[in-house]
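Respectively, the protein sequence lines represent chains A and B. Just remember that our numbering sits 15 ahead of the position in the first sequence, which is counted from 1. The letter at position 54 of the second sequence is residue 49 when you use our numbering, and the numbering goes up by one with no holes.
Treat the hints with caution; some may be incorrect.
[To be verified] Below 30 Å or equal to it, Euclidean Cα-Cα: the simulated BS3-like pairs (lysine-lysine) are:
#	chain 1	residue 1	chain 2	residue 2
1	B	K124	A	K480
2	B	K(-1)	A	K229
3	A	K229	B	K21
4	B	K82	A	K229
5	A	K467	B	K(-1)
6	B	K82	B	K124
Since the hints were derived computationally from the structure, they do not count as laboratory data.
Letter by letter, the chains look like this.
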Amino acid sequence: MSHYESPIRKPLVTGDKSYHDVTLDVVRPVEGKANKSWWVVFSIALIAFLWGLGCIIYTVSEGIGVWGLNKTVGWAWDITNFVWWVGIGHAGTLISAVLLLFRQKWRMAINRSAEAMTIFSVIQAGLFPIIHMGRPWLAFWVLPIPNQFGSLWVNFNSPLLWDVFAISTYLSVSLVFWWTGLLPDFAMIRDRAVKPFQKHIYGILSFGWSGRAKDWQRFEEVSLVLAGLATPLVLSVHTIVSFDFATSVIPGWHTTIFPPYFVAGAVFSGFAMVNTLLIIMRKVSSLENYITIQHIELMNIVIMITGSIVGVAYITELFMAWYSGVEYEQYAFLNRATGPYWWAYWAMMTCNVFSPQFMWFPRLRRSIMFSFFISIVVNIGMWFERFVIIVTSLHRDYMPSAWTMFSPTFVDIGIFIGTIGFFFVLFLLYARTFPVIAQAEVKSILKSSGEKYKKIRAEKGEDAKLYDEPEQEPLPDFSAQFNSKSNS
Amino acid sequence: MASKVLHAIFTDDDILMQAVKALREKKYSIDEVFCPFPVHGLDKAMGLPHTRLAITSFLYGLVGLAVATWMMNFMMIEDWPQNIGGKPSFSYLENMPAFVPIMFEMTVFFAAHLMVITFYMRSKLWPFKKAENPDVRTTDDKFLMEISVNENNVQAIAEVLHENGASEIKLIDNK
């Protein structure tokens, strides 16, 4: 049996962990009781969520007029939030699918939570277009069904309809990918559960997973194929989100660079959010041996690279605006950088292009506090990016007499805060009830990448036995037992 | 007479693999192995055939592509052609660039969901399904091998298991 991995690679699981230790570490938050700080954070998130819910109800009952939109700026805060949340979701799929295809084993400690983040943030994203419809009970009109007067169908030429298909495919495929991976881990909690109620609940959630060799063979095949499908899917989703803008004829939106630029930005903001969540979670749930400094460092490197790609995209946009010779295009970018929204533009530039460059320094990218700080900065910066793209392109349009400014009302802000609250409510509940680490997968790499086994191989050579000799029960006489009446 | 099986518990995946290989060498067939995580090479060592789920996924993807093409052709070209933004719906081929995103999305949608449903049906996984692993430790850190035996070979098989490191061996009535 070879569990070879180059000895110069740092262990992915630190501490002397055996298979059983992995089980204990993963179920601890589920079987234990929530502490005070969990309740405090949960209460705050719940209040924010309820406040947002109130603002949504107010919007729906009064109409979109309660938002800060006007006749010039018809898209602003809500669509900014939509794109921001969709973008955050992308890191989960990137970690679970793209890194699976590239055989990056460090994904195993973080993929479960990153995918949870994907699903919870896509839920937030989906709320905004539905609320913006004004009459959300007619949201089913986006489905390809004929209207009541005859067979007038939806418009398949519209990027907004492409978005409906892209986001719903993305949400549902991410959900089954996540749930399929969860089955063996739910089964583990089910089989440990002492209280009948919990045993029953986790029994339902685990779909009766038994862990047969054939099940595992199919499980691995399905995971691989889903990763292969999710990879182009995740790229297509943000590509299509960028088409919402790029297929229009608005200066500042109508550019071919949008799809790759949006995808890089999505990965960038998503990894920042993963860092924000996991730096807290590893501490609160005592998972420092699984989500190690090395994991945080690798995520910081992804943030640095994607941040730099986003920076190149910003500069390319400026260059193309100048090089195109189109005065409207040139003015749109001049107005972004020096117009009344200059502060938003420079906040975006500072947060997204400048701040990730600190990650070139190993000392900084291995610092927990600094990584956390930068992850927050990047999240803010990416929100401003979408705000800048959307609002500055609209507020000074082709007709100077219509030029105006956008300022959000308390309802705009309230709904945004509400979605942050809703997101954290879901994530906090997840952290207490779900196996937050894909423990079955981690166990499968424990012998190749666990510190304990790496040490044994370093001391005793690559062919060393990586197990303790089992304590064997004496062999009974089965031939005699065979015909005896009952032996259950 | 009810048939009987041996249940052997192993404490490590490497020991399990040795035992599987030893049994296969002696031409005994292994009914089932329950594992807490995917053990690499186990399916091959047990002699399990390849899974064809990836092929089904490809076929489902083709179905999705066909459904998307049929749907958009019917709705946009045949049933109610519209002239939207000066881009009239003359034929599917001429309008196809605008249809590519949804053709792709539906391909992925069908390929992913129908494959997962096939997996759940084939492996008998659904809500309220009762788990069938005989020992609860097999989702934690133990491995359980199930082999059907008869009066004549039971002791020989048990000895192979014992020699290859099974920590517990039990004779069970097969239900």
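Hints versus structure:
1. B/K124 / A/K480: Violated, at roughly 39 Å.
2. B/K(-1) / A/K229: The hint holds at about 22 Å.
3. A/K229 / B/K21: With a Cα-Cα distance of about 22 Å, the restraint between A/K229 and B/K21 holds, given a limit of 30 Å.
4. B/K82 / A/K229: violated, 53 Å
5. A/K467 / B/K(-1): Outside the cut-off at roughly 40 Å; violated.
6. B/K82 / B/K124: violated, 53 Å
Of the numbered hints listed earlier, those contradicted by the structure are 1, 4, 5, 6.
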